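Colleague: One-letter residues, chain by chain:
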Amino acid sequence: MRGDLRALVLAATALLTGLLLLALGLELAGYDAVAALAALGNGAFGSWRAFTGATLLRAVPLILIGLGFAFALRGGALNIGAEGQFYAGAIAAAWVGVHATGWPVWTALPAVAGAGLVAGALWMVLPVVLRLRFGVLEVISTLLLNFVAEALVSLMVQGPMQEPTGIYPQSAPIAESARLPLLLGTRLHAGFLMALFAAGGLAWVFARTWWGFRLRALGEGPRAAEVSGRVPARRMLALALFGSAALAGLAGAFEVSGVSYALYQNLSPGYGFTAIGVALLARLRPSAIVLTGIVFGALEAGAGAMQRDAGIPAVAVYVVEAVIILVLLLGNAAARRGVPREVPAGTADGIL
Amino acid sequence: MMNAIAVAADVLVAAVGIATPLALAATGETLVERSGVVNLGIEGAMLFGALGGAIGATVGGSTAGLGIGLLAGVLVAALFAAVAIGAGADQIITGTAVTLASVGLTGTIYRQFYGPAGVGLSIPTLVPLPLPLLSELPLVGGAFFSQPITTYLAFGLIPLTWWLLFRTRQGLALRAAGEDTVGARAAGVPVRLMRVAAVLVGGAFAGLAGATLVLAQVGTFTERMTAGRGFIAIAIVVLGRWNPLGAGLAALLFGLATALQFAFQAAGWKVPYQLFLMFPYLLTLLALAGVVGRVKAPGSLGRTEG
Amino acid sequence: MLLTLTGISKSFGPVQALRNVDLAVRAGEVHAVLGENGAGKSTLMLIADGLLRPDAGTIAVDGTRVGFRSARDARRHGIGMVHQHSTAVPALSVMENIALAAGWPVPRAALRRRVDELTSRLSLPLDPALPASRLTVALKQRLEIVKALAAEARILLLDEPTAVLAPAEAGDLFRVVRGFAQSGGAVVLITHKLDEALVVADRITVLRRGAVVHTAPREHATAAGLTAAMIGGALSVVPRPEVRTDGPVLVRCDALEVARESGTGLRQASFTIRGGELVAVAGVEGNGQRELLRAVAGLRRPFRGLLEVSRPIAFIPEDRTTEGLIPTLNLTENVVLGVGRAAPWISGRWVRRVDWRAARRRTAELLHEFGVRAAGPDAAAVSLSGGNQQKLLVARALERHPRVLVAENPTRGLDLQAAAEVHARLRGVAAAGAAVLIYSNDLDEVLQLGDRVLVAAEGVITEAPPGVDPLLLGAMMLRREWPNAG
Numbered sequence: 001m002r003g004d005l006r007a008l009v010l011a012a013t014a015l016l017t018g019l020l021l022l023a024l025g026l027e028l029a030g031y032d033a034v035a036a037l038a039a040l041g042n043g044a045f046g047s048w049r050a051f052t053g054a055t056l057l058r059a060v061p062l063i064l065i066g067l068g069f070a071f072a073l074r075g076g077a078l079n080i081g082a083e084g085q086f087y088a089g090a091i092a093a094a095w096v097g098v099h100a101t102g103w104p105v106w107t108a109l110p111a112v113a114g115a116g117l118v119a120g121a122l123w124m125v126l127p128v129v130l131r132l133r134f135g136v137l138e139v140i141s142t143l144l145l146n147f148v149a150e151a152l153v154s155l156m157v158q159g160p161m162q163e164p165t166g167i168y169p170q171s172a173p174i175a176e177s178a179r180l181p182l183l184l185g186t187r188l189h190a191g192f193l194m195a196l197f198a199a200g201g202l203a204w205v206f207a208r209t210w211w212g213f214r215l216r217a218l219g220e221g222p223r224a225a226e227v228s229g230r231v232p233a234r235r236m237l238a239l240a241l242f243g244s245a246a247l248a249g250l251a252g253a254f255e256v257s258g259v260s261y262a263l264y265q266n267l268s269p270g271y272g273f274t275a276i277g278v279a280l281l282a283r284l285r286p287s288a289i290v291l292t293g294i295v296f297g298a299l300e301a302g303a304g305a306m307q308r309d310a311g312i313p314a315v316a317v318y319v320v321e322a323v324i325i326l327v328l329l330l331g332n333a334a335a336r337r338g339v340p341r342e343v344p345a346g347t348a349d350g351i352l
Numbered sequence: 001m002m003n004a005i006a007v008a009a010d011v012l013v014a015a016v017g018i019a020t021p022l023a024l025a026a027t028g029e030t031l032v033e034r035s036g037v038v039n040l041g042i043e044g045a046m047l048f049g050a051l052g053g054a055i056g057a058t059v060g061g062s063t064a065g066l067g068i069g070l071l072a073g074v075l076v077a078a079l080f081a082a083v084a085i086g087a088g089a090d091q092i093i094t095g096t097a098v099t100l101a102s103v104g105l106t107g108t109i110y111r112q113f114y115g116p117a118g119v120g121l122s123i124p125t126l127v128p129l130p131l132p133l134l135s136e137l138p139l140v141g142g143a144f145f146s147q148p149i150t151t152y153l154a155f156g157l158i159p160l161t162w163w164l165l166f167r168t169r170q171g172l173a174l175r176a177a178g179e180d181t182v183g184a185r186a187a188g189v190p191v192r193l194m195r196v197a198a199v200l201v202g203g204a205f206a207g208l209a210g211a212t213l214v215l216a217q218v219g220t221f222t223e224r225m226t227a228g229r230g231f232i233a234i235a236i237v238v239l240g241r242w243n244p245l246g247a248g249l250a251a252l253l254f255g256l257a258t259a260l261q262f263a264f265q266a267a268g269w270k271v272p273y274q275l276f277l278m279f280p281y282l283l284t285l286l287a288l289a290g291v292v293g294r295v296k297a298p299g300s301l302g303r304t305e306g
Numbered sequence: 001m002l003l004t005l006t007g008i009s010k011s012f013g014p015v016q017a018l019r020n021v022d023l024a025v026r027a028g029e030v031h032a033v034l035g036e037n038g039a040g041k042s043t044l045m046l047i048a049d050g051l052l053r054p055d056a057g058t059i060a061v062d063g064t065r066v067g068f069r070s071a072r073d074a075r076r077h078g079i080g081m082v083h084q085h086s087t088a089v090p091a092l093s094v095m096e097n098i099a100l101a102a103g104w105p106v107p108r109a110a111l112r113r114r115v116d117e118l119t120s121r122l123s124l125p126l127d128p129a130l131p132a133s134r135l136t137v138a139l140k141q142r143l144e145i146v147k148a149l150a151a152e153a154r155i156l157l158l159d160e161p162t163a164v165l166a167p168a169e170a171g172d173l174f175r176v177v178r179g180f181a182q183s184g185g186a187v188v189l190i191t192h193k194l195d196e197a198l199v200v201a202d203r204i205t206v207l208r209r210g211a212v213v214h215t216a217p218r219e220h221a222t223a224a225g226l227t228a229a230m231i232g233g234a235l236s237v238v239p240r241p242e243v244r245t246d247g248p249v250l251v252r253c254d255a256l257e258v259a260r261e262s263g264t265g266l267r268q269a270s271f272t273i274r275g276g277e278l279v280a281v282a283g284v285e286g287n288g289q290r291e292l293l294r295a296v297a298g299l300r301r302p303f304r305g306l307l308e309v310s311r312p313i314a315f316i317p318e319d320r321t322t323e324g325l326i327p328t329l330n331l332t333e334n335v336v337l338g339v340g341r342a343a344p345w346i347s348g349r350w351v352r353r354v355d356w357r358a359a360r361r362r363t364a365e366l367l368h369e370f371g372v373r374a375a376g377p378d379a380a381a382v383s384l385s386g387g388n389q390q391k392l393l394v395a396r397a398l399e400r401h402p403r404v405l406v407a408e409n410p411t412r413g414l415d416l417q418a419a420a421e422v423h424a425r426l427r428g429v430a431a432a433g434a435a436v437l438i439y440s441n442d443l444d445e446v447l448q449l450g451d452r453v454l455v456a457a458e459g460v461i462t463e464a465p466p467g468v469d470p471l472l473l474g475a476m477m478l479r480r481e482w483p484n485a486g
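Chains as they are written, first to last, in the working numbering: chain H, 1 to 352; chain C, 1 to 306; chain Y, 1 to 486.
A portion of the hints provided could be inaccurate.
Said to hold, decoys possible - A partial selection of chain Y residues facing chain H, derived with a Cβ cut-off under 10 Å:
no. : residue
1   : A297
2   : G298
3   : P302
4   : L306
5   : F315
6   : P317
7   : D319
8   : T322
9   : E323
10  : T328
11  : E333
12  : L337
13  : G348
14  : V351
15  : W356
16  : R360
Unchecked claim - Listing some non-contacts, in silico: residues in chain Y with all C-beta distances to chain H over 10 Å:
no. : residue
17  : S11
18  : D62
19  : G67
20  : D73
21  : Q84
22  : R178
23  : V249
24  : A259
25  : G324
26  : G338
27  : P344
28  : V354
29  : E369
30  : A432
31  : L447
No lab work stands behind these hints: they were computed from the structure.
Since we're looking at a predicted model, the values are computed, not measured.
Just so it is clear, CB atoms sit at the ideal spot from N, CA and C, and this is done for glycine as well.
Isolated chain H, as found in the complex:
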């Protein structure tokens, strides 16, 4: 329990530090920090509409991708390519969605979601092969593929998938039946429920299943897991990475199917990187990821409002997110001080 309390305090500290630094920076730049932060809070929580339509809406991809990041990291793999996997899922979902005219809902929606899952996982095939066959760290390969995916989206929406008039760099709108139903008259789509479901599922896998435990063992002590636990390291690592990518692809599919209803460029304001903060703040716990996803969703929703109302560039929120991550890292490093040991990069033990 003591460990959990300390983690909570650290998380709160990280959050506050990020906001404080933002306020400080704003003051130094000549803005009214109070007004800016008020705009941020208002944009995130100011009304039911804001809460559901902005905060929770943005939380959906953050939760899904955060779950994916945690999933891979539990096994000791760092998937920094969620951005690219997101786009891969979005491309596939949009393609299916556009072609799903006339399909019934119970065919179109699963098809779109499935396309997102599969495309996301496929985007991970090259990094997995590179890692298992050639020893190329997945960090670099997933990172580089992000840029490829962005270029691919651009290619698609200006080429094969471009909408019929040929004027705008975006796809045709997806079929009605391929659009996620909205919840309770808000702008929040059913993907939110799916994200909650995924979090619950993952929590169960980690806490109760044999496979989930062995994945965790692999991440915490790869040698011991192999020698003493006979864990098939390569196979589990690959599965963890594929699962992680599939979740990111699903997030992309939900974005197309629930928010944009079409494919266009810059669909993601950096979800893939923000989600790293989401996962770390939650200490890789699926149930906590739901909360931290909402927190970061609030930050980004608020940032948009801040830009509209107070004229502050929304990209400033990246700085806040980065500060949160750095404070978390510092706090965890300080807590580990007593135990001297060398840890390979990327294993969960070395981060938390």
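Starting from the structure of chain H, add chains C and Y where the hints point.
Modeller: Relative to the frame of chain H, chains C and Y by itself:
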């Protein structure tokens, strides 16, 4: 026939220009990784170097731009060093966070001072300085000896770094720190200090590379303009087998591959420009696959100490 | 007095490793520091080498007080340490390692000549260009010594140097040590082996539980007296139970070859082990015993030849904290990891689930049964001492109800009490009908524990004749001709 040579010469000139910032960043990162550290924040350092170069040049001319860019890179690297080495946090996540912060901060600063629509900065850029006689050589003369001063800087810094790493005592100590932390400590090497120093120098290189990108290649600053070049530099370090000379060569090859698109354009082949955007990254991945298994990385690379 | 340690004390948290220790070493003297595992010898040496700072006490070199803040300081005052496990940087060459340790300039040709000159002067030949990773264990140790002498050490600290050597190689080492002392240097030799101290030392200091209990010149020391000082009593000999030879064959190998991890790999092994037998393999590190045991345990695939092992198999790896236990997980989790999916707390066919409550209960029982001192089943594995970690590993292995038990260096780093407990458990498993296969760097342990003794030398496994004595065993380990063998 004549036309083909002219096109080849143009491609070569472009290749060297593209390669220069990559080679600079990769040389610095080679030092860093040889000491046992992976700095993903190099992308952020390059970005800040680019912004610093742009602002510095606007204020004080292109030389000031280079200096400010270099300094900015060092500052970013210092943040990374403080968290990843000073506090012993995980290097990969720290580097990613530093880059994330750099993207946000440069974007914010840029929009602040140059308007939300991004009014183009008017920046005094670096002009090519043809070296007497050498620049007259056919084909290679223009490419290697008629470049801005930053390329000549690279020509000097790369062998200098090689000499430092492999021919001096300090370089040996640095390499030992990167191969085997325990053994290096037992031999009396101040491992943490070496790593911090390497990271700061690497930051200087990256900042210089970013400034080069703005002042010698693109001519202006745009948000996220580095577009992953820092990460490509990390791959180039591997391709160069953690040797500055190899990194320089790998950067040149990379530049050539990227510059090929001009040959395509000259030949009139219509290819969607996005494919050329993708090409460098895919090429890097393929090259890594070919090299990585056969080459050993420094033994304690990326290992965090608790 | 070349080196004087006075009143040294050091604690690690609640554990007091050293209490008010005095040690004085003269020039020209070989001084043995004797004590069993955990007595504090290594800690004392790490302090003398500047790698650790004492909580109290002073160090003086040549009568002048010094304060070491790092190994570099110690180096500058002429102290050189030869660690038990080589601290050479494997990827660098021999000459680069020497240059690093001694601060010599790097350019190749000149460096090579300088290294050659040094090694021939010391009569310790080494190939300067060879990467340190390719040296045999004995040569790695030679490199350690050359490194220290190149750095102009006048005081040599040797930490359990013969732990990794065959008996004849140990003899070579002692010759070098005596030579160094004769030329005016001082040597501190840390060891837990009585006979060594009696053979090579001029003075002997005994440490027990962090305090000095005895210091005397060699002439006044006796084996019995030293033993008494080391363990605070007499050593009780555990009687060997009757050896059964009628059990079923549980391990069989024929012309077995296993690719190497390091050293020679396994090139030839043909033997059987029956239920009830405890077979011990003697050998210097890197001669194929590791590959053999790991192949039997099912961790390495044989390259060629026949290998049949009855299941279930249990394996206790040598490296407790990197291969045996996961330090950040708690004891229950570590037990669950090692016992595997045949455990009673695992249920479900398509999706296997873990009943953590049942696992916790059983872990608590095991802790009690095996005398593992821990806060409870939820304690982190890293919080256990080495001896208790090993006991947990044994408990976990036995929980698999194995027919074949494989253990590497089962009592490495354990004090005599804990080692005796582990030995008793191993004997018990064999007595219950399992086949037990171990290897150990410690010849005494091999002879004491093994019903049968195998010898690993250059990848070839041969069986030693029953009742073999240590000298013959040592010769077999080096594959040297021994008159009247067999």
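Colleague: Taking each numbered hint in turn, which are not upheld by the structure, reported in ascending numerical order?
Modeller: Result: hints 3, 4, 16, 25, 26, 28 break, sorted rising.
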